[in-house]
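Participant: Residue numbering for the sequence shown is -22 to -1, 1 to 227, as defined by mature numbering (1 follows the signal peptide of the UniProt record, and there is no 0).
Note that these hints are calculated values from the structure, not bench results. Treat the hints loosely; a few may be bogus.
In the SDA-like style, the derived pairs of lysine to any residue whose C-alpha atoms are separated by at most 25 Å in a straight line are [stated by the list, open to error]:
1. Lys38 to Asp58
2. Lys50 to Ser164
3. Lys185 to Asp36
4. Lys120 to Asn23
5. Lys120 to Ser164
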Amino acid sequence: MKLARLILPCCLLLLPAWPAQAVDLTSAIGAALKLLTASTLSDDNARTLALDSIHATDAKNHVAPPSNPYSKRLARVTRDFQNEDGLALNFKVYLTKDVNASCSADGSVRVYSGLMDMMNDDELRFVLGHEIGHARLGHTRKQLQLAYATSALRDAAAATGNQAAVQLSQSAVGDLAETLLHAQFSQSEETEADEYGVHFLRLHGFKLQGALSAMSKIQTLSDDHSWLADHPASSDRLAHLQQLVGAAP
């Protein structure tokens, strides 16, 4: 909280450094307040921002209708965990050859059909548990805060009259969605999410072998594949999963 109290005065102190005729004072103060909000983001605000972001992402992708075979399969796979550890979940499929999945801070789970083509049901459940783990462990919330803070800094730049920054500021929600889409978790966060994924399988009585075979398949992807860009060091993670599954009752 002490840091949060310092943000607004510090941002306002920067205003004299900008040419007076170029500064949109209202926008500059708004950017400072936005940065302050990012540092003190409440759970409700985080869910609202996440929901706005996922709506923007949905609009940019080909979402499978409920009647689509991919949607029907996902509904069957997820029927036993619509609410996980206090987080209400909703699921949609993006029709694309890309291999990826995500769970936002509001509980919106998005699965790419390319991933579903690659994984059997047990493997898919582990991936879903892993992504839900990122949300439940606060990893996605942290990414949301960082993305929102970045957006605030862009707003501050836009207030100086920088036209490139103005364009970015005017599409803030899309920027936020794009930043979150390409956010990369740390190795420790990936490890924690893997551990959550195994816990998730065990909790629901799913096959633990799904974690190992899923990671083995992920290892076959090329190094520049989007999944590996978001989820590094798959060989180390597989070894850790083998230990976790071996130790699981």
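Participant: Out of the numbered hints, which ones does the structure contradict?
Facilitator: Result: hints 1, 2, 3 break, sorted rising.
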